[in-house]
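Novice: Protein chains in written order, with our numbering: chain A, 1 to 358; chain B, 1 to 299; chain C, 1 to 335.
Misleading hints may appear alongside valid ones.
[What the hints assert, rightly or not] Cross-link-like lysine-lysine pairs, in silico, PhoX-like; alpha carbons within 25 Å at most:
1) K62(C) / K20(C)
2) K44(A) / K29(A)
3) K105(A) / K29(A)
4) K36(B) / K20(C)
5) K36(B) / K62(C)
Rather than coming from a laboratory, the hints here were simulated on the basis of the structure.
Now for the letters of each chain:
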Amino acid sequence: MSPPDTSRADSARPLNGAGEALLTVRGLKKYFPIRGGILNRAVKRVHAVDDVDLEVMRGETLGVVGESGCGKSTTARLLMELIEPDEGELIFDGCKVGSRELPLKEYRRQVQMVFQDSYSSLNPRLTIEDSIAFGAQVHGTPKREALARTHDLLARVGLDPARFAGRYPHELSGGQRQRVNIARALALRPRVIILDEAVSALDKSVEAQVLNLLTDLKAEFGLTYVFISHDLNVVRFVSDRVLVMYLGKVVELGEAERVYTHPQHPYTAALLSSMPSMDPDHRTEEPPLAGDPPNPIDPPTGCRFHTRCPSIRPFCATREPPLADVERDHAVACHARVPASGYHDDAAAVPDPEKITA
Amino acid sequence: MVDATQTATAPLDPVAAPVRSEGYWRSVWRRLRRDKVAMTAGGVLLFILSLAVFAPWIAPQDPLHGTMLMRLRPIGTEGHILGTDELGRDMLSRLIWGGRLSLLMGVTPVIFAFFIGSAIGITAGYAGGIVNTLIMRTVDVFYAFPSVLLAVALSGALGAGLGNALLSLTVVFIPPIARVAESVTTRLRSSDFIEAARASGASALTIVRVHVLGNVLGPIFVYATSLIAVSMILASGLSFLGLGVRPPNPEWGLMLNTLRTAIYVQPWVAALPGMMIFAVSISFNLLSDGLRSAMEVRA
Amino acid sequence: MTDPYVRIRDLGVTFTGGAKPVRAVGGVSLDIREGEAVALIGESGSGKSVTMRAIMRLNPEKRSRIEGSIHVGGHDVMKLGARRLARFRGAEVAMIFQEPLLALDPVYTLGAQITESIRRHEPVSRAEARARALQLFERVRIPSPERRLDSYPHEMSGGMRQRAMIALALACRPKLLLADEPTTALDATVQIQVLLLLRELQRDLGLSIIFVTHDIGAAVEVADRIAVMYAGRIVEEASARDLMRAPRHPYTIGLLKSRAHGAMVKGARLDTIPGAPPDLANLPAGCAFAPRCFLAADSCRRDDPPPLVALDGGRTARCLRVEHTHPDAIGTPAH
Ligand SMILES: Nc1ncnc2c1ncn2[C@@H]1O[C@H](COP(=O)(O)OP(=O)(O)OP(=O)(O)O)[C@@H](O)[C@H]1O
Ligand SMILES: Nc1ncnc2c1ncn2[C@@H]1O[C@H](COP(=O)(O)OP(=O)(O)OP(=O)(O)O)[C@@H](O)[C@H]1O
Ligand SMILES: [Mg+2]
Ligand SMILES: [Mg+2]
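Okay, chain A solo, but in the shape it has when bound (with noise of 0.2 Å):
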């Protein structure tokens, strides 16, 4: 099967620095009511994403991790425009989703989304053909058309045409389900793909599988990922940058290697040491992060990890820190990485959240 033209461009273009920006978010904001009481209005509002601002760049994997609960399926959702953003835009490749020169539908077909359950993901009435032929036919292509490339693009997940395409999900393994629903999102011929939690529910062995495969099929068609997993090995492995969310703020973001090696938000920090340490001499002795997550109904005033951080300042409960570069492509959202915050004005010692990682 021949890439689109505009793959070949994209493929060679370096991986992570300095690429441009083809998916732009802004002041995105997501509150889902809680409908109570006898007129069944909104009583409160679940603060899911809450003013989020991202760039997800050409070629890229970007990845997102963050405790259950904080936003991350929803930020794909927006992305994808299965639901409606409160406030924020979304601009891509230059142009306003939904706008005159960039209309919903056109914007559907270059970003697709892979879900984690491979097994509700799949209409499960329907052969595997038909659902991966599904999109083409929406967008126009004649059935015998979409069919024979439903079965270029099976191959190409590695899944044998002539002994898959007539079957039913349900006679389907999860890795090979799972492998028809990035078939299904590559049909379009997509630009960016949205993986969440892709993996997740993949036995170990069979995940490497498919983490292979994804691997190759961006190299082939020059695809961008938007990769969102809590498994943060899984993360490390396959993103070039990464988001770390915490109750629906992102409060880093940066380069992998170097989020992973020097984490600047304590958050970040506690999250990266609660990876079991897979060295039975060395286990984890102490928590990195007592407690659970606030609620998201009625997020923390302030830095909304004040209420577990390990060195919180008396300002942090009243002011909230904005998301600032510390370095080249490094960002992080806590007073105390910015020196003009007034956190280090205060007379305690400023605490390193690389010792908490230790």
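Once you've looked at the hints, dock chains B and C with the ligands against the given chain A.
Specialist: Chains B and C with the ligands in isolation, oriented as in the chain A frame:
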């Protein structure tokens, strides 16, 4: 589970047409066929249906006329195997002919209500939000009435007659079917494959046609089959009140009611129409139960 | 040497409910000493949960055939009568699951569930049982335990629910805790809290633990010994240290290599195990792993499954060609 035998024999040539897995409805049929209870129920229904269809050829006597000399004869009477009713008409013939009207009154309203109720429920379920609230609150108003009361009130207002009885029964069954359709669709709407279809830019109508219908019509249909029994019982109630089938036409519900008075004279004969209604309803229930489990894909 | 606390011999579980019998567990032998934590790792469907359920006799008795023997603390589990079995579950052995919401009763408060469980097994007053429930909540580090005793399962976060379930499991002071993937649904920061809690309980209460997981990292955090399952059999068993340093069964080697770990080169490929796990209703002759094994020879595919081979350091592996995986033979495997 991956079917190893099938994959092993498949040709490895990628251009060859793919091996088609057994289609969904084929596999439902295969599972249903293994379900002895459901198959027996289906057999009973088929038998009663063919009796009704071929009534003119099968029924031994005229269902409308009898002699008063032969009133209320017991089961096993010479020439009247199942006895006679209060006007001396042959019970067997009346039961066979009665199946026509009874099945008609049981099945037709449910079929119409199935199409209309599904359309309403799927629209409400897929649209969600305000549209859902408006449609479903309206449906709930009708649903709030006890079905017997609603059926009687409607046919009373429309006037007596078979057509009006069918119409009012249809209206009675639309709300419950719409509610089931709405809840099945709402549950389906949030599943990942619908999201994936939306993400590929498909319009709501396309998604409903390709992805929603195939998944919701089955469960709604199963629910609707279970309503057939209710419909037959309601229909006989209407006939009893003189709002549905008129005497002397044979209809099981009507027969049951007129023979009620003879319960102390010929209890077995009086119970016969009731037994027919019971057999048909229980068969429909068992069949729809079997259908439901046969439709479980992961079974 | 004293008798092990748990002694499983040639456990076989075959499910006969479906069209073909499924041999989910095919001859598992395992010993666990008092106060020891053993992790059972392996791919999905390898029979880990079925083994655990067999220890508590929770597999459907009518639709399964069970062979072999299980002894726990002197009880012959296979022979327990209904009465003794009820006591055995809870007071001797308790189990925690991946999804606490399914195991906890949604209509009772947690406090009520724990007191009820204590009072079912021991003749104590309500107040006393509640005091013990409170202790348990403190023990598993639930914040503001007094208040939490009166809350319902759905009012808690995932991590807190898992801790509440551990408290419930410990209510009758069992000596063996079976943990079936207790941290799979949790995220990293909460997972490590629960893992450390399990380890602490093992140390402080002298609890024996069987910990099922498919995450090797989690296994290393709690377990003294690790048993690796493949297609219903334990294929390798060793101390956590030995297993991580030098895995000997080809499946374990493949599993450890296929993990994305630490600072790997960007864009590098992971080593994968080719193929897919076998169909349990239709196991191949010989070693079940042979079709995917890089070491397999013809002898591996013939007749009987390979026997357990005892290796030095008290470890075992079920492989005919295990001498080829000696660190000197193939060089030190990854890690
Ligand atoms: N449709 C919805 N209605 C109400 N609340 C929602 C909805 N979807 C998500 N939320 C809430 O928004 C918050 C963020 O959820 P989200 O699914 O984005 O988290 P996540 O980071 O993906 O978590 P996980 O790692 O568990 O998948 C959560 O508190 C969740 O309960
Ligand atoms: N009640 C049952 N009836 C029939 N087969 C069963 C039953 N319970 C389990 N099995 C089968 O036994 C095999 C082993 O299942 P088991 O649940 O032990 O796997 P596992 O190792 O715990 O996997 P996972 O990591 O997915 O939990 C599977 O193939 C499963 O389908
Ligand atoms: Mg999520
Ligand atoms: Mg299991």
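Novice: Each of the hints needs a verdict: does it hold here or not?
Specialist: These are the hints, each one checked on the structure:
1. K62(C) / K20(C): At roughly 15 Å apart (the allowed maximum being 25 Å), K20(C) and K62(C) satisfy the hint.
2. K44(A) / K29(A): This hinted pair holds, its Cα atoms lying about 16 Å apart.
3. K105(A) / K29(A): holds, 22 Å
4. K36(B) / K20(C): holds, 20 Å
5. K36(B) / K62(C): holds, 21 Å
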